[in-house]
Structure formats: structure tokens, C-alpha cells
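Following the hints, complete the assembly by docking chains B, C and D onto the known chain A.
Residue numbers (the UniProt record's numbering), protein chains in the order written: chain A, 1 to 408; chain B, 1 to 408; chain C, 1 to 408; chain D, 1 to 408.
No lab work stands behind these hints: they were computed from the structure.
Computed from a predicted model, the values in this text were never measured in an experiment.
Errors might be hidden in some of the hints.
The list treats identical chains as one, so a pair stands whether inside a single copy or across any two.
Unchecked claim - Derived lysine to any residue pairs resembling SDA-like cross-links, with alpha carbons at most 20 Å apart: (1) Lys331 / Glu131; (2) Lys296 / Val143; (3) Lys400 / Glu282; (4) Lys331 / Val210; (5) Lys296 / Asp401; (6) Lys56 / Glu22; (7) Lys52 / Leu34; (8) Lys52 / Glu33; (9) Lys56 / Leu232; (10) Lys296 / Thr149; (11) Lys57 / Pro126; (12) Lys52 / His2; (13) Lys113 / Asp367; (14) Lys296 / Arg396; (15) Lys180 / Tyr114; (16) Lys331 / Phe3; (17) Lys296 / Gly404; (18) Lys296 / Asp147; (19) Lys331 / Pro208; (20) Lys296 / Glu282; (21) Lys296 / Val403; (22) Lys296 / His402; (23) Lys400 / Gln292.
Number of protein chains: 4
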Amino acid sequence: MHFDYSPKTQALLDRLNQFMDEHIYPVEQEYIELVDNNPQRWTTPALMHELKEKAKKADLWNLFLPEEYLPYGAGLTNLEYAPLCEAMGRVLWSPEVFNCSAPDTGNMEVLSKYGSEAHKKQWLEPLLNGEIRSAFAMTEPAVASSDATNIETAIVRDGDEYVINGRKWYTSGAMNTNCKIMVVMGKTDTSAERHRQQSQILVPMDTPGVTVVRPMKAIGFYDEPIGHAEVLFENVRVPASNLLVGEGEGFAIAQGRLGPGRIHHCMRLIGCAQRALDLACERVEQRIAFGQPLSKQQSVRESIAQMHCDIEQARLLTLKAADKMDRYGNKVARDIIAAIKIVAPNMACRVIDQSIQMHGAAGTSQDFVLSAIYAYARTIKLADGPDQVHMMQLGRNLIKDHVGANKK
Amino acid sequence: MHFDYSPKTQALLDRLNQFMDEHIYPVEQEYIELVDNNPQRWTTPALMHELKEKAKKADLWNLFLPEEYLPYGAGLTNLEYAPLCEAMGRVLWSPEVFNCSAPDTGNMEVLSKYGSEAHKKQWLEPLLNGEIRSAFAMTEPAVASSDATNIETAIVRDGDEYVINGRKWYTSGAMNTNCKIMVVMGKTDTSAERHRQQSQILVPMDTPGVTVVRPMKAIGFYDEPIGHAEVLFENVRVPASNLLVGEGEGFAIAQGRLGPGRIHHCMRLIGCAQRALDLACERVEQRIAFGQPLSKQQSVRESIAQMHCDIEQARLLTLKAADKMDRYGNKVARDIIAAIKIVAPNMACRVIDQSIQMHGAAGTSQDFVLSAIYAYARTIKLADGPDQVHMMQLGRNLIKDHVGANKK
Amino acid sequence: MHFDYSPKTQALLDRLNQFMDEHIYPVEQEYIELVDNNPQRWTTPALMHELKEKAKKADLWNLFLPEEYLPYGAGLTNLEYAPLCEAMGRVLWSPEVFNCSAPDTGNMEVLSKYGSEAHKKQWLEPLLNGEIRSAFAMTEPAVASSDATNIETAIVRDGDEYVINGRKWYTSGAMNTNCKIMVVMGKTDTSAERHRQQSQILVPMDTPGVTVVRPMKAIGFYDEPIGHAEVLFENVRVPASNLLVGEGEGFAIAQGRLGPGRIHHCMRLIGCAQRALDLACERVEQRIAFGQPLSKQQSVRESIAQMHCDIEQARLLTLKAADKMDRYGNKVARDIIAAIKIVAPNMACRVIDQSIQMHGAAGTSQDFVLSAIYAYARTIKLADGPDQVHMMQLGRNLIKDHVGANKK
Amino acid sequence: MHFDYSPKTQALLDRLNQFMDEHIYPVEQEYIELVDNNPQRWTTPALMHELKEKAKKADLWNLFLPEEYLPYGAGLTNLEYAPLCEAMGRVLWSPEVFNCSAPDTGNMEVLSKYGSEAHKKQWLEPLLNGEIRSAFAMTEPAVASSDATNIETAIVRDGDEYVINGRKWYTSGAMNTNCKIMVVMGKTDTSAERHRQQSQILVPMDTPGVTVVRPMKAIGFYDEPIGHAEVLFENVRVPASNLLVGEGEGFAIAQGRLGPGRIHHCMRLIGCAQRALDLACERVEQRIAFGQPLSKQQSVRESIAQMHCDIEQARLLTLKAADKMDRYGNKVARDIIAAIKIVAPNMACRVIDQSIQMHGAAGTSQDFVLSAIYAYARTIKLADGPDQVHMMQLGRNLIKDHVGANKK
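Isolated chain A, as found in the complex (with noise of 0.2 Å):
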């Protein structure tokens, strides 16, 4: 056990943050200009493809597959993209400049896994590549998506086609204009064992009978120019070769995809967090009320405290969560993930909030990062499962596994 990072990771970490000073914190704001006012907000603004480009030659792309997917990817272990994932959570929009951001991450992954070669020849690798962009299709407005045996969605075969029929929502990525494929969770037999009955399918965006009904907003907010869209699927035919895998393994490669997908938020959430908090440091360094800074308050140096606390051990959490799907597996360090995910939204909203606080008025405006930050902070309370539903599952094991153990 120690607790710095390797020669690789800091030198990696180095490289990183020396791009996000020279070419992401400088137009930062710019960016969100672009598309907060942009009439075609949906389209991804030609600033981020200049960015792409200069990350690519910076060798700083694809950095969060892992070494099993080479050579896709730069083979990280979870351990060593964790403090680059951190770093690029500390502005919303820049995971992209690096090809780094969800939904497209963990379709990628789930391609490389389970699609066919057709299948990586026509979407992998534009994804890989950064051309095109992806959605993921779960969240369902009508039922209680947290327990995914209630998604109705239905996908039936139909000879060499299948059917698709259903309404989701909260389909991040599907607003943007360059989204030009989704994978689908649905269920193909409705009479099957419980964790059974679920399938995953692609379904290129341009289908006829898919239509994209309305962008969702996320705690007051878009997130342009790529949304989470409310799709409705009105007889949908794709082949039946975009099935993935096959019929019943829909709920396992979920499962296989949350992993990842919830530790990759959880660092993010990390960096959201520390960049509150070193906005907050600046600011009660400046500002001056009723004689004297701010930050000569005890109350702001224990708030001060409190958060660096707070964030410090969120990070050796999820590290520890990181190193250990490297070193056990995905399904090994399942309560950790579980743990992580309960504790790093959490977190994240409280030191964003202080920082919030301590910025005044300004804190709630769009000059700061705050407001849009808290937003995703709070929706990743929901997203990938709802705390609760991994507190019953982390709180049942550990009772379990305690019972089990006969300790003292």
C-alpha cells in the first residue's frame, strides 16, 4: 500500500494539465457562450473540433479504455485514468476534447465487447475516432427505471428484423446533431426469469419511426449541444444482427457497463468538487465584508476545511475502488462501486454548494461553473441507479457478508 502516483500517471497527469491550461481553461466560457446562445444549440460548436484535434496530436485521447481493449484505446488501468478523469471533470465540456465523455464511453466499451465486426467497422471506430457521436438508451418516463425489470420497452422479433416500440427519456446524448447511433435496452421476452427478459440493441438515429421528441432538462439545465432527449419508438425495424450478444443478456451487459461508467462520474464528481473549492479559495480571498476578507472567518477556514476533507476522501475511495476492479475484476469490487456512487454525488453537492455560498450571488450565475456543476452533481445522485437503490444492495451485502464471516 502507498498513496502517490506512479512516474506514469504523474507524468500523464502533468502532460493533461498542461492542455487544459493552455487550450481549455483559457476558452472555458467561451465554449458555454457558444452554446447557451447558439440558435443551432444541438451542434456541436467547430471550437471543440479544433480541441479534438490538438488532443489527438497531444497524444490525450481515448485515455479511459482499458489495457484489455487494446489496441483500442491507450490501456490504462482504472488506477492510472483516475486522476485524468478527476482533471478533466473539472470543466463539463472538455471530457469530449479528449474523447472521454459519456454515453460514448461505455457504448464503446460495449462495442468493442459484444459487437460483431460489422457492427465495430460501421460505428467503433468513427467513435473511436471521435467523428460521430453515441446514445444510450435506458431511462424509461413511465416506470421506476432504478429496478430495470420494470423497463417496457419491447423488442420482438420479426423474422430478420426486430420491432421496437416504447418512450425513453433521459437519453443523454441523443440531442446533438452528430449522434448517429443508440443502443437500446428492452425486452424481448416478457415471460422470462426476471434478469432475463431485458436486450440491448443499436439502433441507428436516422431510423424511420424514431422520433426525438423534446430535450430534457437536468435541474434547469440542457446541457448543450448534447442533451438528454425524450425518443419515442414507434415500430422501429433494425436488423437482427444489431442485437447485441443475444436475447436475455440484456440486464448483464448493463451491469457490465454501469462498472465503469459509475467510477468515471465519481471522478468527475471529484473534480467538479476540488475545482468548487478552489474557486471557493480565491474567492473568500478577495472579497472583503465587515472589515476583512472573508477567508479570515473561522466559519469560511472550517467550511474551507471541511470540504477539502469531504473531497480528499471521496478520491482515495474511488482510487481504491479503481485499483481494485484492475486488480479483482468488475464484479469483485461491485460494493466499492456501489460505495463510491453512494458517496461521491454526495459530496460533490455539498462542497458545491458551500462553494455556491460563498461566492454570493455571483455563485448562482452564469460567470461561474457552480450552478451547472451542482446540476450534474445532483443528477448523478439519479443517474446509474439512485443512492438508494446501491444502498440496499452495498447495505444487504455487508450484512451478509458480516453474518458470514462470524466476526466479533
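Below, chains B, C and D without anything else, positioned relative to chain A:
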């Protein structure tokens, strides 16, 4: 001491609730979409004007103005108005229907108390009739405005005029096309004693030199069609008679308006929180997860119980504050007004956040009012003085009172 | 609705406070040391008997018994009694001085309501005169007694007698040498409907087969000279007439006593919390650290303010509960009684804990009452039903009421 | 960076756990009752001496002393010692078995570093052999000792002697009949620079003028047979050679000892918290309420999950602090030591409190260790510097570091 509403209050509340059931709730979402989608989003929709006429006819108009302002207003005590204000708070945009919305309420009080006959004729009467709207320009981007002595906007006498220079933001109301008049806080004498430097002055929106720079977001929301503006004052000239009361009275006028303003916010926030709880009760009964309605889960019941306890306590404290203002005056009630200003927004943030969580993704969406009322509640932790300033004053006073009383 | 105490209440409160200033506070610490150091620590010190005589003479006696029990007691409403009970709560051992201490209060109510004339003569009168003490044996070590249907103690009819077998603990009062009578909860019919199995029966302490096994600690405190006993019942025989009301009435009698019992605990806890805040105000003014009194620190002021807000809210909720019990009866007030039972102990724990922290090491010592009142507050989160049971019931009722009301 | 214990650590931990399973847990309650019931409660029971012999034979002795102190101690790094210290922390009285209990550990470090050969011979060797015990007299009742510059005890040179006058309390260890030596902090020069006024001096317990006034309670517990004493120093004379290092070095010596002392407390508190969680897991599986084991309730699972997350995060932060002390020294690790001192006691208080709640009345009783370990955890929020002082320093340093680094 007793805890039932008076028959008069109860009757008014019943009438108001009936009005809301008939006229407000059925169009709540429609109104939100009108301003959200309207390219002229800063123009109040016709629907509002229709509703205002109905409210006038129903004799539910200007309910906020206490007895001392008669013949203006309904002559209710704060204690009588409190449950009405709470009921209006359940729908964010509804207080305007009853001509009870900030910042007009505060401005009408100020004009009633301190305005000349000419001011009353020109500004107060159309405000009382709901024909125009108004703004209050206090907070400045450049300084910690929580300490009012920091304010930098200059109001300089020049012959029969005052010349105003400065930059304000979060000037609520100033985006609206029907906003005609601003009350502006600035400094007339930076060499005077700390609380005698400030003055307040009336500035018509169309005065040359006034520029509405941009709308400010508050936790992701623009709050159309009212909005929070950044306003630039460049050599803005108004007649000297526009100064309220006299030079150096600005701080005292501000203090006077903040008491009622704060308690109204608290009442509305209690309405918001109660709404969030009501929505949660409905949701958890409907949603099925893991084989049973959410309402059967012990953790959900615990949350619901806690939300209720939090709301009910804050409500009682607010009612007691109203009663104290009525009986002993706003100055004597200073500490309990500080107390509710600390308690109510934090309570509302907690309660609404829990309701969002129980709603799942829907809770973060535009289909429910939850994220908008969360943003409102969160903003009030800063508006009219951040929590920390109220806690500083309340804590200091409590210690002083205790030492004075020489209690056991 | 209004929020001032009635003149009658205020006059009583003034008299009570004067009595406490003159007779209780000056000997508060002395009394604690008497029982702490006394080898006969379960014998009530003579000082208590002297103080009781004074209280009787001052006509501050049996204040807890409401009007319906006249001619017994002072005939105060719950709302009138509340501030008195709070004032007594400021000194842990003082309620006994006024014959207002648990569990005697509950036992006296039960005996007044359900006792035969013989019971009243033998037990109620000496209790009302403060000559003897009593105990209530309900909680059992072997089962989760929060679910009263779990209780296992057997009360079996045998001719003209009942035979009792079982083991109780946390039988408050039973350690005291002056405790003469126990009310015992047990089961007379394990085949009856769940809430009709229980009965309550009078058991004199000196009945053969009753063994006081040991005193139980509550968070480190034995609460001498009253104590919480483990009591073993081995073939304990009492006359059949000792059964209260009739077989199967035990659960209903328990419910009846718990309403007033719970609100009295809450009132006392508010007194404890207010005392902790008063002590904190005094301490932070006296102690100097890092160059200034603690009272000048923003964080200390914030804590003091928050403590006050918490106390005042819980106080109002408790007063409203008292008012509701008075006007509509204990059954109708069920939900608000649950609410205060959830709110008050948690509030008191938080407030006292903050006061301990402000006192430094002294706050943890026997020189201040803080750790003892903390232990009391912490215990009440479990006694008379753990928080979770109250939250379960309150949450369930709120959801049911909401759905019934079909609210917006 | 990696997160598995080293094979050496794991092997030691296995041996230690085996020892605890065999020798400690089976007599845990017996030992507590021995000192609780023993009229000579300040005399260490024979059982302790027997266990010490066993621990020596098992080569589990003086594990706390790091490599720099070799040949004294086991030469473990802080990181190696951490999980061992945690394991010992599971039973409050067990650290002494391994000669790893405060305040002896700190005193042995101080004597090793700063003691003369004569001091080492006379005091250090018997301490290292576990033959005697020692105390550290720092906190004073009259002043806020959290600010060490407040300390008033006078150490005045008089020829070849120093004369000590003052009053200390919470002098842990000084009640024990086997305590032979005290390290006393006082002032040799009140006119020197603030952090050069203090000195530390060795005072044998039997020196004339030393009076052990009384044992102090800590949240209801006397912590027999070690105890926390109030000690009076009246013209206490010791040889001038008893002064450690030199006049004015007292503050620096105190700082040196507090780093390791604080991290040891944190490690033990993590053990306490983990114990509380293990006990909770067991309890909720056994107890039936309302028709099912508590472990089936969603709210219980949520609590268990949260407790685990809290513990695991604090553990990782503490391990990282140990690693930093090992690699970079205690001074560089200053901020992370402050962080764990803030985090661990609060975490332990929360976790233990939740476990108490799950245990019902039993959780507050002497039959479970929960209330005793709660009292320990609560006390550490004050001992070795209250939370607020650590937060002040950590907050200040973080702001300073941030401004220095000019971060984004």
C-alpha cells in the same frame, strides 16, 4: 397562545385555495411553457393579465399590505397574510396574479411610506393596480453586497438633479418589458458615518444612461418573464425630488423593507416545501420498484415524516415572527426575522431535494416544478442577506441578551 | 392563533422560575454529588424531601395532571403545563421536587383513570402526596420492544390470582428504595388478536418472586437515585383485582399513557437544550482563545444562532401538540405527538453536543450538567418508541392522508 | 499507489487478530466489570498483567514505536502500524495489553527523543517493559487550553531545582496506582515570544506538593483503571535536570508528540467505528420487529451502507496520513494529520450513534461497549485540540496554498 387560524384567515385561505384550484393549478405548466418557449420571453403573457383580472374580481388583491397602509391594500396583519402567502408560494408564478410578488411588494411599501404625492400618483397607483412592474437595484457584482456598506454606486447631487453611476446585477424585475421604475440604492456621501452614506432614489427604466446589460441566471433559471438583470448606470440623471426621504436614509429604508420582504420569502418557501412534500406523497404511492410501491419502504416513510416535521416547524416559527411583527413592530421582531430567514430556505432546500430524489429523473425535469423551486429556495439562502450574515447578527444578539439577563 | 403565553401561564411560570432560582439552582450540583458519592445511592436524599415540602407550600405541586383529573392535580391544560415542564427540565432532578417526574406521572394518570377505589387509596394517594415512588415495567431485554406485540412476559390467571413470569429491563424507578409499586405490561392471551394480547397489572415491589437484578446504565449514567432496573419476575403472584381494566386492555392503556409521557419528555428536553444554549452563551463570552473571546468568532455565532433556531422551532411544535391534545384529544393529536417525539430528542442531542464542544474538556466533565443531559436526550431517541417507529407511523399516515385529500 | 496491505503488515495483523480472538474478546466484558465493580478501581487488575505477558511472548509488543526509535520498539512504519492500531482500537482497554496505550506511547517517544540517559534508565525502560505507567499534564481548568499559549502553570527556576505551581485536569493516566511519572507542560518565561514561553518537565508522581484531587468524568465515564485526574501542583520541586531539552522548548515538544498521538487516536477510532458496525450487522439480523428482521428494512440497509462508506473513507485518509508521515515527515504531513483529526472522531461519533440506535435500549447499556466507545470518540473531538482549532489551521493553510499555487 393558540394554534388555529382565525375564522377570518381561514375563510380567506379557503377562498384563495379555491381560486388556485380553479384558475391556477390547471394552467400552471402551460404558463411555464409560454415563457420558456416564447421568443419574447421577457414580456408577460396575456394569460397573466387575465388571471389578474379574475383575482381582482375575487377580491384577492394586494393582500400583502398591512393595516397601516390602508386605504391601500387589504389591511391584513402579517399573521393573517402568512397562510395566504404560503398558499401562493405553491406555484412560483402565482403571487403576481394577486399583485403580491416581489420586488413590487417592497417597492409599494416604500412608495407608500416615503414617496411624495407625485411619486404615488405616478408609480404607486399603477403598481397597486397591477398595471406596471418595478425593480429594486441593490446588489453589485464588484463587491460583497451582503455588507451594505460596501456598495459603490454613486448618487451625486448636481443642481436640481442627481447623477447616478454604477453597475448593479440581480436587479429582479428589470428584464420585464412592463417594468417601468427602479428603486436604486447608492452612496450620496462616502465620508459620512457607515450607515449614513447610502440613499435610495427612483429611476424610471427609460432614463437615458440606463442599460439593461443581460439577464442573470439563478442556479440555471432565468425566471422569465421577470428575470434578474445586470444594469449599468452611466451618468443617469433624475430630478433631485426622486431621492426618497433624504440623503443618508438609504440604509434605514433598506432595513425597513427587508423585514417584510424576508418574511414573505419565508412564507412562499414554506409553500414550496409543502408542495414538494405533497408531490412526493403522490409519487411514492404510484411508483413501483422491487415489487412494492415506494410508499411501503421504511426509508421513504422516514423521509416523508422528516420532511413534514421540518416544514411544520419552520411554518410555526414564521407564523410566530409574523405575530411578533404585528404586536411589537418590525424592529423588536428583528431576531426572529433573522431566525426564519436562516431556517426557511435551508429547510426548503432539504425538503425539495428529498422530493426530487423520490421522483427519480422526472424530479430533475421541466415536467415537475421541483428543480425550479429548488433554485428559488437555494437563491434565497443568499438574497436579502446570506445565511451567514443573519447568523452573525442573531448569534451576537443572543449572546448579548443572555449576558444581560444573567440567566442560569 | 397567537404566540404569547396566557397571563395565567406567565404568572405560574414566573413563580416556578423564582422557586428554581431560590431553591434549585443553588443546590443543583450539591444534589448530584450527594447521590453520586452516597454509598446508599438508591436512597433519595433528605434534601429532596425538604424541597418537596417547599414546593407543596408554594403551590407548585402535581402540575402535570390536566383538568379531567380534578380534584387530583392542578388542573392545567397541556398548553399551560408545557412551559412549566420545560422550566423544570432545565435541572434533571427537579421535576420530582414538584411531583412531576416520570414514570410516576404516567402511573398516576393510569391509576386515576383505570384504578379501582382500593388501588387509588393504596397507591394513587401516596403517589399524589409524593410519599412513595413507582415504576413502569415494559421493555424486555430478549425482544425488540419497540414492537409492543413482541413482549413476552406472561401474566397467567390462576384462580383469584395472576402469576407473572418474565424479565424486564430499563424499568425506570425500580432501583429507588422508596419505589413501592410497579405497573407491569405482559401478555394474558398469546392467541388473541395482536393488540389484544397484552394486559397491565399492578405488582407491589415487595411481592415474592420479584428480583431487582441490577441497575442499567444509560449512556454511562445510572441516574441515581431513581435508576433503571433489570427486574426478574419468577412466579410472581398478585390478586386478580390488580389487573387494570381487563384482559387485553394493556396495549390500549399503554397507548393512552404514551401521549402525555412523550410530550412531557419533549418539554423537558427543550428545557435541557435551552439550558445548554444558555450555558454556551455564558461560556463563549468568558473564554479567550487566540486573542479574543470565543463569542467574537463567526463560527461560534453561527452555532449559537442555529441552536436557538432549532430549539425555538421544536418548542413551537411541542406547544402546538399540547394545544391540539387540549382541543381535540390525544388520539387526534397522534401525528403531531409522533412529530415532536421525532424532533425534540434529536434537536436536544444536536444542541447539547454543540454546547459541550464550546465548553471544551469541561463540557465532558461532571462539573457541568451537559453530558448528563446529553445522555438523557440520547436515551429518549429510544425510550417510548425509537425514532424509526414514530417516523414509520407518521410517514405512513401522511401519505395516506395526502392520497385521501387528493391534494395538488 | 496501491491499496493492499503489504505481506508483512498482513501477517502481523493476522497474528494480532488471532491473539485478540483467543485472549481479548473472550474476557472483554469481564475486564470491564472488574474495574467497574472493584473498590480499588484505580488499580490495574491482575488480568491485564497476565495478558501483557502473553502479548510479549507473542512478540506483539511496543508496536507503535517507528523505526527511528530502534532498538526500542518494533520498528514499524506508521503505515504498517495503522491497521494494528485499528484492530486494538476495537476493544477499548486492549492497547495496554500490547503496551501501545496513550499517554504512555507519547511519553515513551518524548523520553526516547529528549530524555537524558538517566531519564531513560529510570523512566523509559520500565515504561517500555510495561512495568509502570505515566501521565501527561497539559490541559488546565482555568483557561482555554486549545490555545496552548494560554497555559498558566508556572515552572520557575530556583537554584538547581524548578518549582512548579498550577492546576491541571484531564491528566490521563494519573489516577492509576501504577502511574509513576508525569510529563508536565508549563511556562518558564511569560515574557518570551508566544511559542517560546512553554517548557516540559518530568515530575514523579510521589513528589511532595503533587495532589491528585479527583477523577474527572468524560461523558459519564471515569475510564477506570487509568482515569483522567485533576492534579494540583503546590510548590512542587524537581531537579533542574528534569527539564526536557531546555527552557522554551515545551511548545515544540508538544507539537512533536501530537502528530503521532493524533493519528493513533484516529486509528483506534476507526477500530471503534468498525466494531460498532460489526455489532450492528449482527444485531439487525437477529432482531425481529413488525414481522421481519430489522436487516430487511430499507432504512437499516441505507444506514449500514452509509456507516461503511464513512468508515472506509476515514480509514483511507488515515492510512494516507500515515504514509505521508513515513515518507515526508510529520511536519510535511501536518495538514493531513489535521484532516484526519477532524474526520475520524466525527465519523466515529456518527457511526457509533447509529449502531446504538439499531441496538435499542441495549445499545445504551453496559452490556454493549457502544456507549463507552461513543464517549471515547466524543472526547477526542476535544482532546489534542478541538475540531475547530484543526479546521482553523487546515482552512487557513489550504487558502494560502491555493493562492500561492495560483490554481485555476
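Structure-based check of each hint:
Within a single copy, Lys331 and Glu131 get their C-alpha atoms no closer than 32 Å, and across copies no closer than 51 Å, so neither meets the 20 Å cut-off. Taking CA atoms no more than 20 Å apart as the test, Lys296 paired with Val143 passes between copies only; the shortest distance there is 17 Å, against 50 Å inside one copy. For a Cα distance limit of 20 Å, the shortest separation of Lys400 from Glu282 across copies, 9 Å, qualifies, whereas the shortest one inside one copy, 47 Å, does not. Within a single copy, Lys331 and Val210 get their C-alpha atoms no closer than 35 Å, and across copies no closer than 57 Å, so neither meets the 20 Å cut-off.
Taking the closest pair of Cα atoms, Lys296 and Asp401 come within 20 Å of each other only across two copies (15 Å); inside a single copy the shortest separation is 48 Å, beyond that limit. In this assembly of identical chains, Lys56 and Glu22 lie within 20 Å of each other by CA distance solely inside one copy; the values are 15 Å within and 60 Å between copies. In this assembly of identical chains, the alpha carbons of Lys52 and Leu34 lie at most 20 Å apart only when taken from the same copy (17 Å versus 38 Å across copies). Taking CA atoms no more than 20 Å apart as the test, Lys52 paired with Glu33 passes inside one copy only; the shortest distance there is 19 Å, against 36 Å between copies.
With identical chains, the CA atoms of Lys56 and Leu232 are never at most 20 Å apart, being 36 Å at best within one copy and 44 Å at best between copies. In this homomeric assembly, Lys296 and Thr149 come within 20 Å of each other (Cα to Cα) only across copies, at 19 Å, whereas the closest approach inside a single copy is 54 Å. Proximity of Lys57 to Pro126 under the C-alpha cut-off of 20 Å is restricted to the intra-copy arrangement: shortest distance 17 Å within a copy versus 64 Å between copies. Within a single copy, Lys52 and His2 get their C-alpha atoms no closer than 35 Å, and across copies no closer than 32 Å, so neither meets the 20 Å cut-off.
For the identical chains of this complex, Lys113 and Asp367 are neighbours neither inside a copy (42 Å) nor across copies (37 Å), given an alpha-carbon limit of 20 Å. Taking the shortest alpha-carbon separations for Lys296 and Arg396, only the inter-copy value of 8 Å comes in at or below 20 Å, while the best intra-copy value is 45 Å. For the identical chains of this complex, Lys180 and Tyr114 are intra-copy neighbours only, at 19 Å inside a copy versus 63 Å across copies, given an alpha-carbon limit of 20 Å. When the C-alpha separation of Lys331 and Phe3 is checked against a cutoff of 20 Å, the pair qualifies only between copies, where the shortest distance is 18 Å, while the shortest distance within a copy is 24 Å.
Taking the closest pair of Cα atoms, Lys296 and Gly404 come within 20 Å of each other only across two copies (16 Å); inside a single copy the shortest separation is 52 Å, beyond that limit. Taking the shortest alpha-carbon separations for Lys296 and Asp147, only the inter-copy value of 15 Å comes in at or below 20 Å, while the best intra-copy value is 48 Å. In the homo-oligomer, the alpha carbons of Lys331 and Pro208 never lie at most 20 Å apart, since the shortest distance is 38 Å inside one protomer and 62 Å across protomers. In the homo-oligomer, the alpha carbons of Lys296 and Glu282 lie at most 20 Å apart inside one protomer (13 Å), although the nearest pairing across protomers, at 25 Å, exceeds that limit.
Only between protomers do Lys296 and Val403 lie at most 20 Å apart by alpha-carbon distance; the minimum there is 14 Å, versus 50 Å within a single protomer. Within a single copy, Lys296 and His402 get their C-alpha atoms only as close as 47 Å, which misses the 20 Å cut-off; across copies the closest is 15 Å, which meets it. In this assembly of identical chains, Lys400 and Gln292 lie within 20 Å of each other by CA distance solely across copies; the values are 16 Å between and 54 Å within a copy.
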